[in-house]
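Chain by chain, the residues:
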Amino acid sequence: MDLSILWYLVPSVIMFVCGVYGFITRKNMVAILISLELMLNSADLNFVIFNRFLFPGSMEGMVFTLFAIAIAAAETALAIAIIINIYRSIGSTEVTETNKLKH
Amino acid sequence: MIFDNLLIWFVVIPVLMMAGLGLCRNSSMNAIRAVMVVGSTLLLALAVWLCVDFLCLRHNGADAEMLYTGSWMWYAPLNIHLAVGVDGISVLMLMLSAIIVFAGTFASWKINPLPKNFFLWFTLLSTGVFGFFISIDMFTMFMFYEVALIPMYLLIGFWGTGRKEYSAMKLTLMLMGGSAFLMLGLLGIFWHSAPEGGVPTWNILEIARQAQIDPSWQRLLFCFTFVGFGVLGAMFPFHTWSPDGHACAPTAVSMLHAGVLMKLGGYGCFRIAIYLLPQAANELAWIFIILTGISIVYGAFSACVQTDLKYINAYSSVSHCGMVLFALLMLNTTAMTGAIMQMLSHGLMTALFFALIGMIYGRTHTRDIRQMGGLMKIMPYLGVCYMIAGFASLGLPGLSGFVAEMTIFVGSFQDADTFHRIFVILACSAIVTTAVYILRVVGKLLLGPVYDDHHLTLTDANWFERFSTVTLIVCIAGIGCFPNWISETIQHSFAPIIAAIQGGAF
Amino acid sequence: MDYSQFGAMLPELIVLGIFLLVFLVDTFSGAAGKKILTPMTAVLTLLATVAIWIVPSCGEAVFGGMYVSDTATRAMKCILSVGFFLVVLQAHEWVESEVMAVRKGEFLELLLVTLFGMYLMISARHFLLFIIGLESASLPLAALVAFNKHKYESHEAAIKYILTAVFSSAILLMGLSFVYAFSGGSLYFNDIALSVTQGEMSGLLLVALAFVMAGLGFKLSLVPFHLWTADVYEGAPTSVTAYLSVLSKGAAAFAFFIIFVQCFGAVYSDAWEWMAYAVIIATITVGNLFAMRQKNMKRFMAFSSVSQAGYIVLGVMAGNGLGLTSMMFYIFVYVVSNLGAFAVISTIEDKTGKISMTDYNGLHVTNPWLSFAMTLAMFSLAGIPPFAGFFSKILIFTSVTSTGSMALYMLVLVALINTIISLYYYLLVVKAMWISADAPKVESFKSSRCMKVSLSLCVLGIVFFGLVSPIYDWLYNAVLTSFPNALAFVLQ
Amino acid sequence: MDITLPILILALPIAMFLILGIGGVKMSRKVAGVLGILGMGTTATLAYIVAFTYFFSGNPDFIIDGVRLQYQVFDVTWLAFTQKLIVNIGFLLDPISAMMLVVITTISFLVHLYSWGYMEHEPGFQRYYAFLSLFSFSMLGLVVATNIFQMYIFWELVGVSSYLLIGFFYKLPSAVSASKKAFIVTRFADLGFLIGILILSYYTDTFNFINLTSNPEAVLTSTGGATFMGASVLTWAMVLIFTGGMGKSAMMPLHIWLPDAMEGPTPVSALIHAATMVVAGVYLVARMFPVYCVVDAAMTFICVVGAITAFYAAVVACAQIDIKRVLAFSTISQIAFMMVSLGVAYDRPIEGVHYAGLGYMAGMFHLFTHAMFKALLFLGAGALIHAVHSNNYTAMGGLRKYMPITHWTFLIGCLAIAGIWPFSGFFSKDEMLAAMFARHWFWGAWMTMVAGLTAFYMFRLYYLIFWWEENPHYKEHKPHDAPWQMSLPLIFLALVSCVAGFIPFGELVTWDGVPYHIHIELPVAATSLSVAVIAILLATKMYRVKNDLPTKVKNFWPTLWEAAHRRFYWDEIYQFVVHKIIFGIICRSIAWFDRHVIDATMDGMAKVTNVASNSIKGMQSGNVQAYVIWFFLGAVALAGITWLCLV
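The listed protein sequences correspond, in order, to chains A, L, W and F.
Position in the first sequence (first residue = 1) + 136 = this note's numbering.
Position in the second sequence (first residue = 1) + 10 = this note's numbering.
Position in the third sequence (first residue = 1) + 5 = this note's numbering.
Position in the fourth sequence (first residue = 1) + 15 = this note's numbering.
In isolation and in its complexed conformation, chain A is listed as follows (with noise of 0.2 angstroms):
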C-alpha cells in the first residue's frame, strides 16, 4: 500500500497543534518545555517528510533535523535551568507565578 503525503503530514501538524495547546493550557513550566518540544519535533517530522517524499534525491531535509534536535536540546537545557532558578527563588515552577512584570 502506497501511503500518500499526506499520512504523514497530518500527524505532524496534529502534533505541532497539540505542542501550542499544551503550551497555553499547562501551568506547570517543565510541561510546557515538553509541550515545546512536541512543537519542535513536529517540525522536524516535517522536515523528514518532505525530504523523503518530495526531494528523495537529497537529504538536506534530514540534515536539518539533526541540526534541529541539537538546537532544540540546548534550548531544553538553557530552560530547564532558567526554571530551576525559578523555583529556587520563588519555590513554584508554575508558569501563573511568573507574571509581576507585566503592562
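A couple of the hints might just be wrong.
Claimed, not checked - Cut-off 27 angstroms, straight-line C-alpha distance, at most; resulting in silico cross-link-like pairs (DSSO-like, lysine-lysine):
hint : chain 1 : residue 1 : chain 2 : residue 2
1    : A       : K163      : F       : K632
2    : W       : K40       : W       : K156
3    : F       : K632      : A       : K238
4    : A       : K238      : W       : K154
5    : W       : K300      : W       : K451
6    : F       : K490      : F       : K416
7    : W       : K457      : W       : K300
8    : A       : K238      : W       : K156
9    : F       : K632      : A       : K236
10   : A       : K238      : W       : K300
11   : W       : K451      : W       : K39
12   : W       : K156      : A       : K163
13   : W       : K356      : A       : K238
14   : A       : K236      : W       : K154
Because the hints were derived from the structure by calculation, they are not lab data.
Since this is a predicted model, take the numbers as computed values, not measurements.
Based on the hints, put chains L, W and F in the right spot on chain A.
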C-alpha cells in the same frame, strides 16, 4: 570652497555662537551677552550687507532667479544637496530674521535661570530659521524647518510661564503633525520631480524648471504641503497651538516665533506648495481660501474678547497670518507681494508687541488687561511703543501694516469672480475688527485711570529695552514710509513663480 | 579542501579569537588578568571593527555558498561590533561590581557568542546556517537575561524569554519546513527564490511566510510577536537590555531584509506585502501606544524599541538597495542613539538604583551633562534634526517611497503620524529632566571613565552621523557592490 | 511752479510733529508752544502764498482762457501695486484744494494760538502741539491728494490724529471711550471707502483724480455694464466711497461719534470737528464730483442722506444741554446741508436750471464760511468753558456782561450760521438753497425748514448762555474774558465771518474752473431770511429772559423732547448691537467655539490616543501563555488575512 558662499555664513555664525555659548558658564552673564550681542550684530550686519549687495547685483543686471547660489552634494545616493540661493524675498526674510534675533537678544537681556542654555536653544532656533530661508533644496529646507521647531519645546517649557508644559507640548506636537504631512508632500514632490528615467531632485529651481509632476499627484501633494506649512502659518483650524504657545512662551521666544517662525509657513507655502505644484494650486486654492478667510475673520473676532494680552496678540497673529496665506492663494503678483510684505510687517510688529508685553509683564506680573489700567502715565515710553505697535497692527498709514494690507487687498481684488470678491470683502472687514480689539486693549491697558496703585511705583523701560523696541519701530516705520523698494524687490522675485502659476493654469 | 576560503570568514574568526582569548584569560589568569578583561574585550572589539572594515576580503563564499561575506555584510558586522564595543564599555561598571566580579568572564563570553551568532545570521545564505546563527545569537541571551542571580525579575524575564524564544523557533522551523516543501529540495536562498518564482501560489506558502515572519518578528519584536520585549527588557540587567535592544535587533533586521527580499522577493505582492503592512503598522502604533504610558525607563525604552523596529522594517518594504542602505544606516544611528539613552539609564541605575521616569525629574540640576546627553538621545530617537535620528528616519522614508507605490506612500503617512506620538513620549523624558519643577531625586555623581567614553562616543555619533554623509555613502557603496543586479536601483 | 513751497507745506507740520513728539518731553511748555505756533504760522503763510499764486498769478499752469486748471505740482511714486495701479504722493492744486489749504492753515494756526491760552495748565502740553501738527499734516495731505489712494492714506491719518486728540485727556474714561468710538465708527465707514476704491480702481485701472474726473464717461464704460445685486458696480463703488465720507462727516447713521468727540479739548473740536476734518466727506464728494454725476443713484443717495441728517441733527440740537453738543449737532446739520447742495448739483446743463453746477459752488462756499464761523463758535464755547468750567448752559446765563468779547463774537457766529445778511452764512446758504430749489422744490423747502431750525437752536443757545438769568455761581467765581491768545482768534474769525460773504467765491471755485458770477436769488433769499428771522424771534421770545415757556413746550410732548434729548436713541441702538450682539454673541461664541470645539478636538485627539493606550494595556498581561496566544494567533491571522485578500 563652501565658505566662499556668503549665505553659508548665516548658518555658520549661529553655529559659532552656539560653540561660543558652550564655552561660557551659566553664571558668567556678561560673557553670554557678549557672545549673543556680537553674534546677532554680525548677523544683522551680514543681512544688511547681503541686502545691499543683492540690490546692487540686481541693479547691475543679474537677472537669475536666485543669486548667490551654491550647491554641494550631501547624500549622493538620494541626490540630496546642501543647496543655497536667495531671491529678493529670501533676502528680506533673512533681514527680518536678523532684526528680530537682534531685538530678541536685547529683549531677553536678563533671562533667568540658565541663561546659557536659553541662548543656546534660542540660537539653534535662529539657525533653523536662517537655514530655512537660504535653502533651495527641499531636504535641507525641511531639515532647517524642523531645527527651528524643536527648541521651542524647551524654550517654552523651561523658561515659559503659566501652563507652559501643556502649551509647549501642544505646540510641538501640532507643528510636528504639520511637518509630518509636509514631509510626505516633499517626498512625493521629490520622487515625481523628474521625467521618466530622469534623476529626481530636491532642488526647487530644477523641479520648477522641469515641471513634471503629474496633476493627480499635484493635488494630493498640494494639500499635504499646504496643510503642512499652513499649520505653522496658523491656518484655521490648525491654529490652536498659537494662542497657548504664545501665551506661555518667554518674551524673546514669542518674538522669534511669531515674528519669524510663523513666516516659515507662509514662505514654504509659496516656495514649495504653490511654485512647485502650480496646477493644483490653481485648482485647489479655493479650499484654502475658505479656510484662510475664516482664519482672518475668526482670529480677529476671537481677539476681541480675550483678556490676556498675549492671547489677544496670538489671535491677532492668527488673523494676520491668515491674511498672508490668503493673499498667497490669490495667485497674482500684487496679492502675493502683499503677502510677503504682510509677513515682514507682521513679523516686526508682532515681535514688538511681544517684546512690549514681556516688558510690561515683567513689571506688573500680570497680563490680564482687567488688572491693569492707565499704564501710559506710569510708563509712557512703553505705552507709546505699544500704541505704535497697535497702530501698525490696525493698519495706520506710515507704518508697515497699512502698506501690506493694502497691497493684499488691491491684489486680491484682481480676481473678479463672486467667490473671490466675497472673501476679499470679508478679509477687508478685518481692518475694522482689528481696530476694535487693538483700541480695546490700548484703552484698557494704557489709558484711563490707574487701576492698581501698586503699579504707580513701576519704572519705565531701561536702555536695552529701549534699544530693542526702537530697532523694531524704526523698521516698521521704515517699511511704512518707503515701501516701494521692498515692493519692487518682491514683485521682481515673484516673476518666475507667477510664470509657473500661469503655466499651470492650462 | 581549500582552507583558504575560511579567510572570508574573517569577522567570525576574529570574534572567535577574542572569545578564546577572553576564555583563556578568564580561566587561567589571576585577579589582575580579570581586571583587564572588559577593557581588553572592548579594545579588541574595536580593533576587530577596524579589521573587518579595512582587511580586504579573501573570498566571497564559504561552505558552498551557505556563507557569504560581501561588503554589505561586512558593513553590517562593523555596525554591530561598534555597538558591541559601546555596550561592553557601558557594562564595565556593572561587570566590575561586587555581585558580578566572579562571573564577568562568562558574561563577556556569552556576549561574544551571541555576536558570533549574529555574524553567522547576517552572512547566512542557507537556512541551516541561518538557524544556527539565529539560535546561537538568541539562546545565550537567555542566560544573559538571567544573569542577575539575586534578582527575581531577572529570572522571570529569562523564563519568559526562553519560552517565547523556543516557541518562536518552533514556529520558524515549522514555517521553514513548509518553505522546504516549496524549495525544490534546497534551502539555499537563491534556489528558494528560483523555485518560488516558478512555483504556484498556495495557502501553504502563505502559512510558511507568515510563520517565518513571526519567527523573525520575534527577534525584531514586531507586533504581535513582541510581547516578551517589555518584560524581558525590564527584568534583564540594563547592559543586557541595551544589547538586546540594539544588536540582536539590528542583525535580525538585516536577515529579515535578505530573507524576504532575496528569497521571497518574487512573491512580494502575492504573499507578504500586506502581511508586512499589517505588521509594520501594528508595530509602530502599538509600540507607541504602550510607550506613552510607561513609567519605568527600561520598559519605556522597550516599547520605544518596538516602535523603532517598525521603522527599521519599513526599509524592507522598499526592497531595493536604497532601502537596504537606509535600513543599515537607520540601524547604525539607532545603535548610537539607543545606546546613548541606555548609557544614561544604566549609569543612573548603577549609581542610585533609580529607574523610574519620575526619578529623572529635575535631573538637569544635579547632572547637567547626563541630561544633555539623554536629551540628545531622545531627540535623535524622535527624529529631530540636526541629530542623526532625523536623517535616518527621513532617508528610510525616502527610500520606501522610491518605489512609487501608493500603498507604501500611505504606509509612510501612517509612520509619520506615529512619529508625533513618539515625539510626545520622548519629550516626556526631556520634560522630566528639564521642565519638571520637582526637586531633583538623583544626586550629583561622577560616572565611570568607560561610561563617559561610551556616552561621549554616542553623543558624537548622534550629532555627526547625520551631518556627515560619507557614512551613508559608504553603506550605499557597500550595498551596491554586494548587490549589483539583484536589487534594482531606482536612482541610477 | 516751484515745488519747494508745496513740499514745505507738508513737511513743516510733520517735522513739527516729530520734533515735538520725540523731543517734547525735554522741552519747556513755552518752547514747545512757540515752536508749534511758529511752525503753523509759517505753514499758513506758505499756504497763502501758494493759494494766492494759484488763484491770481495768471500762470498758464493754473489758468487758461479764464478757466482754472487742475495742476499736479508734484506726484511721486510711493508704492506700485501693479503696472498701472500706482499710489503716488503728490500735490494737486485746483480751486478746492487751494481753498482748503487756506481754510485749514488759517484755522489751524488760530487754534494753535488759542490753545496756548486754553491749554496752558494742562499736562501734556507738548504732546498736544505735536498731535495738532500731526493733524494739520494729515489734513493738508488729504486735501492736496492727487489720487484717491493718497486721500485714503491721509484719511486714515486724519482719523488717527482725531483719535489721539479726542483722547487727549486719556485719564478720563469718557474721553477714552469717545476716542475709541470715533475711530472705530469712522474706520467702519472707511471699510466702505476702501472697498469702493478697490472696485473703482479695478475697473478704471487708475487712482488718479485727474484721470478719473476728466473723463467720467470712460469710467462708466470701463465697468462694462457689470452689476451686482441689481445695481451697477459703479454705483456700488461710488456709494461705498461716499460711505467713507459719511463716516468722517458724521452723516446718519454714522454720526454717533461726533457728539461724543466733544470730550476732546475744545480747540480741537473747533479745528477738527467743526472746520476741517468733518468736512472731508464733503470734500471727497466734491473731488469725485464728475464721477458722481454719471451715477445718478449715488447722487440721489447723497441728497437723501444729507436731507435726513440735516433735519435730524437740527432737531436734536434743539434739545441738548451741553453747549458743545449743540454745536456738534449743528455741525452735522450744516455738513449735511453741504452734502445736499452737492447732491443737487450736476456737471452739465439741465433743462430749466440756469446753472447746474451751482450746488457745487455753493457747497464749497458754505464749507468755507462754515469753517470760519463754526470755528468761531467753538472757540467761543471754549472761552466760555474756560471761564465757567462747565460744558452745560445750565452753568451759564447772563454772561454777556462778564465776557463782552466772547459775547459779541459769539453773536456774530450765531448770526452767520442763522443766515442773516450781511454775515457770511447768509450768502453761502442762499446759494445752496437756490441750487436746491432749482433742482426740485422739495429739497429747497425741506432745507429751508432746516435752516429755520438752525437759526432757532443757535439763538436758543445764544440766549441761554448770554441772557436768560445770571448764574448765582458767578459771585464766588467771577467769569471774565479769555486772555489775548484766545481772544485774538475770536476777533479775527468774527471779522472774517462778517466779510467773507462778499468774497466773489464763484469767480474762484467752481466744479469746472469756469468762473461763475454770484448773484442773490431774491425770492429764495427773502424766504430763507424771513424764516430765519422768525425763528430767531421765536427763540428770543422763549429764551431771552427766564420764563416757563420752554418748560411748557417741553411738557407739551415730553416723549419727543426726551427722544430728541437722547438723540433718538441711536447710541443705545449701537451699544446694543456692538456690545450685546457683536461682542456678546458673535465674539464670545467664536472664542467659545475656538476653545471648546477646535481646541478641544486637538486635545481630544490626544485623549483618544491616551484612551487607546490604556485600553490595550491588557495585551501585556505578564502571562507568557497569553503572549504565546497572541504570537500564534498573530501568525495565523497574517496568513489568514492575506489568504482572504488574495482569494
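Agreement of K632(F) and K238(A) with the hint, judged by alpha carbon distance not exceeding 27 angstroms: Judged against 27 angstroms, a Cα distance of about 9 angstroms means the pair holds.
K490(F) paired with K416(F) [C-alpha distance capped at 27 angstroms]: holds, 13 angstroms
Restraint check for K632(F) with K236(A), where alpha carbons must lie at most 27 angstroms apart: holds, 15 angstroms
Restraint status (C-alpha distance of K457(W) to K300(W) at most 27 angstroms): holds, 26 angstroms
Pairwise hint evaluation, K238(A) against K356(W), where the allowed Cα distance is 27 angstroms at most: holds, 25 angstroms
Hinted pair K451(W) and K39(W), Cα distance within 27 angstroms: Holds - the C-alpha atoms of K39(W) and K451(W) are around 24 angstroms apart, at most 27 angstroms.
Holds or violated: K238(A) to K300(W), with C-alpha atoms at most 27 angstroms apart: Holds. K238(A) to K300(W) sits at ~12 angstroms (cutoff 27 angstroms).
Agreement of K163(A) and K632(F) with the hint, judged by alpha carbon distance not exceeding 27 angstroms: Distance ~23 angstroms between K163(A) and K632(F) Cα, so the pair holds.
Given hint K156(W) paired with K40(W) - CA-CA distance at most 27 angstroms: holds, 25 angstroms
Given pair status - K451(W), K300(W), alpha carbons within 27 angstroms: holds, 25 angstroms
K238(A) paired with K154(W) [C-alpha distance capped at 27 angstroms]: With Cα atoms ~20 angstroms apart, K238(A) and K154(W) stay inside 27 angstroms; holds.
27 angstroms limit on alpha-carbon distance, applied to hinted pair K236(A) and K154(W): holds, 17 angstroms
Of the hints listed earlier, there is not a single one the structure fails to meet.
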